[in-house]
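Trainee: Input sequences plus hints: build the corresponding full structure.
Just so you know, the sequences run in chain order P and H. Its first residue numbered 20, the first sequence is counted upward by one per residue in the numbering used here. Its first residue numbered 20, the second sequence is counted upward by one per residue in the numbering used here.
Bear in mind the hints are in silico, worked out from the structure with no lab data behind them. It cannot be assumed that every hint is accurate.
If chains are identical, the list can't say which one is meant, so a pair holds when it fits in one copy or spans any two.
[What the hints assert, rightly or not] Cross-link-like lysine-lysine pairs, in silico, DSBU-like; alpha carbons within 35 angstroms at most: (1) Lys192 <-> Lys354; (2) Lys192 <-> Lys242; (3) Lys249 <-> Lys396; (4) Lys354 <-> Lys77; (5) Lys45 <-> Lys30; (6) Lys243 <-> Lys227; (7) Lys143 <-> Lys201.
Since we're looking at a predicted model, the values are computed, not measured.
Spelled out from the first residue to the last, the chains are:
Protein chains: 2
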Amino acid sequence: MDAAEFRRRGKEMVDYVADYLENIEKRPVYPDLEPGYLRSLIPNEAPLEPESYEDIIKDVERVIMPGVTHWHSPYFFAYFPAASSYPAMVADMLCGAIGCIGFSWAASPACTELETVMLDWLGKMLQLPECFIAGTHGRGGGVIQGTASEATLMSLLAARCKAVRRVQAINAKKSESEILSKLVAYTSDQAHSSVERAALIGAVMMRKVPTDNHYAVRKEMLKKMVEEDKAAGLIPFYFCATLGTTPSCENMWMHIDAAYAGSAFVCPEFRPLLNGVEFADSFNFNPHKWLLVNFDCSAMWVKERADIIGHWQIPLGRRFRSLKMWFVFRMYGLKGLQAHIRKQVALAKEFESLVRADKRFEICAEVVLGLVCFRLKGSNELNQELLKRITKSREIHLVPCQLSGRFVLRFAICARSTESHHIQQAWQHITQLTFDALVYAGSVSSVCKTCLGVNSVFRVVELRLNYFAKNVLRTL
Amino acid sequence: MDAAEFRRRGKEMVDYVADYLENIEKRPVYPDLEPGYLRSLIPNEAPLEPESYEDIIKDVERVIMPGVTHWHSPYFFAYFPAASSYPAMVADMLCGAIGCIGFSWAASPACTELETVMLDWLGKMLQLPECFIAGTHGRGGGVIQGTASEATLMSLLAARCKAVRRVQAINAKKSESEILSKLVAYTSDQAHSSVERAALIGAVMMRKVPTDNHYAVRKEMLKKMVEEDKAAGLIPFYFCATLGTTPSCENMWMHIDAAYAGSAFVCPEFRPLLNGVEFADSFNFNPHKWLLVNFDCSAMWVKERADIIGHWQIPLGRRFRSLKMWFVFRMYGLKGLQAHIRKQVALAKEFESLVRADKRFEICAEVVLGLVCFRLKGSNELNQELLKRITKSREIHLVPCQLSGRFVLRFAICARSTESHHIQQAWQHITQLTFDALVYAGSVSSVCKTCLGVNSVFRVVELRLNYFAKNVLRTL
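Mentor: Structure follows, in C-alpha cells:
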C-alpha cells in the first residue's frame, strides 16, 4: 500500500468507522460463539504473497465483527465505559503518522512537552491542589500511563524505594532484602485486584483492611493494623486508598486510585468526592474510561516528580498520546466534558428510578455516578438465572459483581451514544426476562447447577465498584 | 464532532498524514528549539467552550510539528527503526473504532483469538520451535506486550514465582522473603538497561556477566559465577540472554530478548542467528521496530503458557493490537516483509562500504543487520565534535554510543522510505562536516569541555547494540 492507496483506503476506513458507530445498535451487542471460533476461519500461516485490501476488509465482517463485544453500542452496560470520541480518533491517526517513540525529550520534544501541559490542563479541570501541577517551576506534575494498574505499580515502587532509603539513612547496616521483608502495604479489602498484584510484583506484603458495612475503610481499623504491624517490627510504607481517605500515619505513601470516578471531578458538584487528595502523594484516574479520550490514557500525578524520576513508567517507549487529550479537550471544551458526565449520571438516575419503581427489585448501593447495582429480591440463583437470560438474548450486555456475598447485577452507563430511550428499552427487556426467570424459578424447585456454570464465563471482574458508593467516599 | 464531521475531518486527516509522510524529507529531521518551548505557545488552561477543528489543525503545524523529531524521515538514522506502514495505520483506525478493552475472552473474543493466531503466524514466519506455537493443543504460545521492557519484566516475574515454588517444594519452612533475598538473575554487562530495571522492580539481585572482547557472554564465565553464587548459598534462577546463547544450568529460566534483530529472522539467511532459541523458556522481539507494525507491538512467546497465566502482562486492559499485524502480514505477505528487511540491510552495507573507503574512518563492530557503528580514527573529543556538527546542521540525525570506552557514532537504517540516494547524501554530508571538524580540531589545541556538554542532551541510550555484532551472537 503506497501513499496513493492509503489516501483511498484510509478514507474508506473513515467511512467504515462512521458507519460502524452510527449503526452499531443494529448489531447484537455480545457475540454468539464458542471459544476458539476464529482459528478455523483463517489460514494457519501468513500468506507468502501480498493479498488485496478488498480481501482483508471483507474478512473484517466475516472474521472479526462476529467475535466483537461491542463496547460502544448504546446497549452495552457491562464492566465500565471505554472512552471513545471522534476527535480522539482523528488525533490518534496523527499520532500514528508521527510515530515517534517518546522515551526522552530529544526523541521528540513535542511529545514530552505537550504531555506535561495536558496533564496540567486536566489537573486544573479537576481542581487538583497546586502541588500536583508542573507549571514552569512546580515540583509535582503528571504523566500518562497505559492503565491504572501501571500507575498503582509505579506509585508502590516509588514508595518502596523511598522507604528503603529512609530506613537505611537511620540504620546503614540493614540490607535491602532485610528491609523489603518487613515492608507492609495496605489497601481496602474492596480494592481492585491490580493493587494486590502491584504488591506481588514488588515483593512486599500487602494487608487488606477490612471495610465497614458501607464498604469503607475506617480510620481506626487502619490505625490499629499499622500499630500492630509496627509493634511486630514491620514497616508500614504504602496505602492505596479509595477516594477521600485521609492518611493516618506519617511516612506512608498514599496513592489514590479513582480510575473510573475521576472523570466526574471536572464537574464542581462531584468534586467534593475528591476532597482529601491534598494529603495524597500520588493520584490517578483514567480519562480513557469516562472522559472521551480513547484507550490507552491513564493520568497520574505526583507531588514530587523527583520521587518517580527513573520510574515514570514500566515501558521505555511511548506513543504521542497527549495529542488525543489536546484534540478532545479543545473540541469539547470543559463545558462539553461536563455535559457528557452529567448526561450519563442522569441516565443512571433514570435507570435507578425504573428499578426503584418495581417492588420486585432492590438497589444495592447508592447511585452516585454512572453505575447502578441492583438485583431481584430473592436468591442469588434467581439473579444468576436472570443474568443468564439477559446474556443469552444478546440485546443488552451486563456483568455481575459480588457485594457482601450477594450476586448483584451491574448496570453501567457506558457508550457515548446511550440515550434515554435505550435505558427505557433496556429496562423493558429486563422486566420481560424477569417474568420468564420468575416463572422458571417457580417451576423448578431449585435452580440447577448448570445455570451457575454458564455464568462462569463472565468471571466477576472486581471492578472499582466501591468507589461509586457514596458511603465509601466518606472522609474518615 | 459528530459522525458527519468525522467523515469530513477524518478524510482530511488521511490526506494530512499522506502529505506529511510523502514530504517528510523536506522538514528538518531534528527540532531547533529549547526545552520548554511549547508551554508558551498554548494557553495555560483548557478552553471552557469548544473550539473549531480548523483552529486545532492549524496549531498542529504551529505548535507540534516544530517540536517533532521526525522518526520517519529518510534522514533519520538515530536510535532504532520505529515501524510504520500504511496497512498498520488503517488497521489502527479500525482498532480505535472497535475500542474494546480486551482483558478477558468475553470482553471481546475476536481480540483474544486473533492475537493468539497472529502470534502463531509470526512464530512460524520466524521458524520458532513448535513448542512456542499455541495451535489448538500446544502448551506454549505468544502474547503482545507493549514493549520489550515489559516482556523482560514478565519473564523475570514468572521465573521468580517458579523458583520460589521450587524451593518451597523442597523446604516448606523457608519463607518467601528469605528465598527472594537469595535469588540471583544474570545478564550480559552489555544488556539493555531494562533488564537491570526488571530485577530492581522484582526486588532480586542481578549480576552482570562480564563479556569478552567481542561483547559476548562466555559460557565459562557464566558457569563460574553461577557456581560461586551457589557455593555462597544463593539461588541462580534467571538469565536474560542475547541471541544464540545456550543455557548453562538447569532450573534457570532463560529469556531471549531480540528486540530489534528479531524481525530479521523472517529471512532464512538471518535465521541461524536465532539458533539456540529452543533452549529458551521465553523469547521476545519487537515487530514495532523493524517489521512494519506501528508501535506498540512487542511479541513474546513462552514454552509453557501455564507459567505466565495471571502474569500475561502488567496492564489489565489492552487494545486490539493484533489487527495491525493481520493487515500488515496480509498486505505485505512474507515475501514483502523479507524484501523490507533485505533492502534495509543492503542500505547498511552500502553505508559501511562508504565508510570503509575513507581511510579517516573506522568501522567499530561487524555490520550484520541494519546498524553501522563507525567513528573517525582519533580521539573521542574529535568524534563528539563531529556529532555536534551533524546534530546542529539538522540535515540528518544520529546518536552516539559507547563501545569499550570509545565514543562511537551509530548509523541505523530506520525509515521505510530510506533509499540509496539518501545514504549517499548522508555520507556526503558527514564527510563535509568531517572536514570542518578536523579543521576545527587542528585549530584548537584540545577540544573544549563545552563541546562535550552540548552532547549530553543526547544521552547515550544503551541500545541493544550488542545484538547486532556477529561476535556477540556466537553460540557459546
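Trainee: Now, for every hint given, state plainly whether the structure supports it.
Mentor: These are the hints, each one checked on the structure:
1. Lys192 <-> Lys354: neither (57 angstroms within a copy, 61 angstroms between copies)
2. Lys192 <-> Lys242: Cα proximity of Lys192 and Lys242: in one copy and across copies (29 angstroms, 31 angstroms).
3. Lys249 <-> Lys396: This pair counts as neither: shortest intra-copy Cα distance 45 angstroms, inter-copy 62 angstroms.
4. Lys354 <-> Lys77: Between. Shortest inter-copy distance 23 angstroms satisfies the 35 angstroms Cα cut-off; intra-copy 40 angstroms does not.
5. Lys45 <-> Lys30: Close inside one copy (23 angstroms) and across copies (25 angstroms); limit 35 angstroms.
6. Lys243 <-> Lys227: within (13 angstroms within a copy, 44 angstroms between copies)
7. Lys143 <-> Lys201: Cα proximity of Lys143 and Lys201: none, with 38 angstroms in one copy and 47 angstroms across.
The structure fails hints 1, 3 and 7 (numbered hints given earlier, in ascending order).
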